[in-house]
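*Asks:* Based on the hints, put chain C in the right spot on chain U.
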Amino acid sequence: MSKITYREALNQAMCEEMKLDDRVFLMGEEVAEYNGAYKVSQGMLDKFGPKRVIDTPITELGFAGLGVGASMAGLRPIIEFMTWNFAILALDQIVNAAAKMKYMSGGQYSCPMVFRGAGGSAARVGAQHSQSLENWLANVPGLKVVMPSNPADAKGLLKAAIRDNDTVVFIENEINYGDVGEVPDHEYIIPLGVADVKRVGSDVTIVAHSRMTGFALAAAKILAEQGIEAEVIDPRTIRPLDENTILASVAKTHCAVVVEEGWRFAGIGAEISARIMERGFDDLDSPVIRVTGKDVPMPYAANLEALAVPSVADIVEAARVACGRA
Amino acid sequence: MPCHSSLGIIRAKYNYGGTMPAKQKQEAGITHDGLFYPEARLHEMHDKMLFIRRFEEKAGQLYGLKKIGGFCHLCNGQEAVCVGLHQASETTDYMMTSYRDHGHILARGTDATAVMAELLGKAGGIVKGKGGSMHMFDIEKNFAGGNGIVGEQVPIGLGFGFSSRYKDDGRVTICIMGDGGINQGAVYESFNMAALWKLPIVFVVENNQYAMGTSLERASAETQLFKRGISFKIPGMKIDGMDVLEFEKKMREAMDHARSGKGPMLVEAMTYRYRGHSMSDPATYRTRAEVDEWRSGRDPIARLQAQMIEAGLATEEHFKQLDKDIKKEVAAIGKAAEAQPEPDASELWTDIYSDPIENAYPYPGKVN
Chain U
2 MSKITYREAL NQAMCEEMKL DDRVFLMGEE VAEYNGAYKV SQGMLDKFGP
52 KRVIDTPITE LGFAGLGVGA SMAGLRPIIE FMTWNFAILA LDQIVNAAAK
102 MKYMSGGQYS CPMVFRGAGG SAARVGAQHS QSLENWLANV PGLKVVMPSN
152 PADAKGLLKA AIRDNDTVVF IENEINYGDV GEVPDHEYII PLGVADVKRV
202 GSDVTIVAHS RMTGFALAAA KILAEQGIEA EVIDPRTIRP LDENTILASV
252 AKTHCAVVVE EGWRFAGIGA EISARIMERG FDDLDSPVIR VTGKDVPMPY
302 AANLEALAVP SVADIVEAAR VACGRA
Chain C
3 MPCHSSLGII RAKYNYGGTM PAKQKQEAGI THDGLFYPEA RLHEMHDKML
53 FIRRFEEKAG QLYGLKKIGG FCHLCNGQEA VCVGLHQASE TTDYMMTSYR
103 DHGHILARGT DATAVMAELL GKAGGIVKGK GGSMHMFDIE KNFAGGNGIV
153 GEQVPIGLGF GFSSRYKDDG RVTICIMGDG GINQGAVYES FNMAALWKLP
203 IVFVVENNQY AMGTSLERAS AETQLFKRGI SFKIPGMKID GMDVLEFEKK
253 MREAMDHARS GKGPMLVEAM TYRYRGHSMS DPATYRTRAE VDEWRSGRDP
303 IARLQAQMIE AGLATEEHFK QLDKDIKKEV AAIGKAAEAQ PEPDASELWT
353 DIYSDPIENA YPYPGKVN
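Residue numbers (our numbering), protein chains in the order written: chain U, 2 to 327; chain C, 3 to 370.
A couple of the hints might just be wrong.
Footprint (simulated), chain C over chain U, 3 or more residues, beta carbon under 8 Å [stated by the list, open to error]:
1) 66–78
2) 90–99
3) 108–114
4) 157–168
5) 247–261
Cross-link-like lysine to any residue pairs, in silico, SDA-like; alpha carbons within 20 Å at most [stated by the list, open to error]:
6) C:K200 to U:D56
7) C:K200 to U:P58
8) C:K235 to C:Q186
Just so you know, the hints here were simulated from the structure itself, not pulled from any lab data. Note that this is a predicted model, so its numbers are computed, not measured. For each residue, glycine too, the CB sits at the ideal point set by N, CA and C.
Here chain U stands alone, though its shape is the one from the complex (with noise of 0.2 Å):
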């Protein structure tokens, strides 16, 4: 095992799969000549050249649709957004384009592609740089959404996201890039689809994902000092989701909380929490309780700020009432 970044853990998979099939590019704003303006592709443009490193002019739309284009001719690009609120701007080409493409042509063409970069909310940058649009794009047949909470799982996921032969959107979390984690040293893939128990326990089921996941995992230990044991559940992959594992926790804490950053309304807590009512409903002691972000654009006031996030202080309390310890 080493200790490395979480943006190194995704400089490490891209490197690595880029060695092993040259069909594989990396495009994007900044990510040859500046090594990326969160330095995830470090190196690479020294590594691979300006044919396989590309910068592009800031046009999202534009280079979104290169890739889907150049995915349909029989590469495998990688796109980044510097963040996905920029990714906005290209959604025709992910939600139109990439996720149709093999329905719509009946089979013929497919878009085998990663979309990378940072999302989630992040530090004092007000409403528009700061969201977490996973349920966006996790809406979509079509797509497959992962989004790692950790440096190894964030290793293995994108080496199975960009090895994938559908279209792959990975979000980052801009906070967690520089977290420490072990990441083991010989090669791995961590399958797309499966989730990952992160703390066993027995007393209720907290699921959250990526950055919530450190969160989560905070809660727990507050938790086991009142003496309730949670199990921290990370999906890793919004889309398609494993909800065999969800469902075998709550089998045995019979108790669900499922924390989100993102805006509560139709947010992936509602979609857990529904998937816990139609096949766990029995299992179920009290209702499944959810904790999100607000429904608020952010605020950049840094109090105003923190009100707007989940707190790990809102998630002991959410178990609390969960377990029927409040």
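*Replies:* Chain C only, in chain U's frame:
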């Protein structure tokens, strides 16, 4: 009937696509602006245009009978562009267009019964009945749609062009849009990158002068659309899209430019659609006289027929008989396609993912 001034009757040796001094030419054909078209190729071009015209009329008829549903955009009047583009390109070249796609995919040589079956939503449709009129694809013919969002195919074409440079495969991408599509921002994002990286792409604007019901003058500050590439240093060319020989000749120059590594070209094909924007459009925004002027004065099929008759390559009787035969053929295609079954219900769940994930909801669709 209007004839092009450079029309000539020449006997010449077969000389596909090239130029040669007139004195060496012996085979029957027409030399247009220095380019010799042998008789067989003229017939092929004519027959394809006429076939597309009659196919579209049949589609219109089946739409009227409510057998074809949804949106259905016909290309009557624009056949010379469809056929000229195909003739000027190699089968390995990539092509993609908007939703007005029947004529292009037919010109490309896709099985017409599969195209008709697609319109009818049948199992044997070219995309299994999942796409309909707007989403025709044929990977065997390098035809990448059939794209329903105006201008969407332009960044996609950029990607095909990028892949050709990446793989150095010598292919050119023909990326077709309309005079409506060219006002989309995605087009200029694509122009910029195509020119910046000198990608082998010919952008073709089918300027039929109306974006749905909005005339070119009401939608475009610069109505000379071939100039729209100037600020990206993309050379532009305006071509008569109602003259298949002229169109093909100039289109070849554009293809050569792109193939030689000089970067993209922008071609504006001046054309006209005889029908409304789609089947639900009565086209009240233009006068009957205007439509008639194009229809009877500049029709690409009548024009080529006149040229061929004048060159002694065919007779009016030949064309009359041929038209009857093609109408019969199209009727038979319509019947054969109508007789096909609808797609199996299981097709609802196929072609969504290449690599399904077994333990994950909702695929393979066990619970919903």
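*Asks:* Hints first: check each against the structure and report whether it holds.
*Replies:* Against the structure, the hints:
1. 66–78: Three-residue rule met by the stretch 66–78 of chain U, so holds; n is 12.
2. 90–99: Since 4 is at least three, the answer is holds.
3. 108–114: holds (count 5)
4. 157–168: holds (count 3)
5. 247–261: Violated: only 0 residues of the stretch 247–261 of chain U have a Cβ under 8 Å from chain C.
6. C:K200 to U:D56: Holds, at roughly 15 Å.
7. C:K200 to U:P58: holds, 15 Å
8. C:K235 to C:Q186: holds, 19 Å
Hint 5 alone, counting from the list given before, is not met by this structure.
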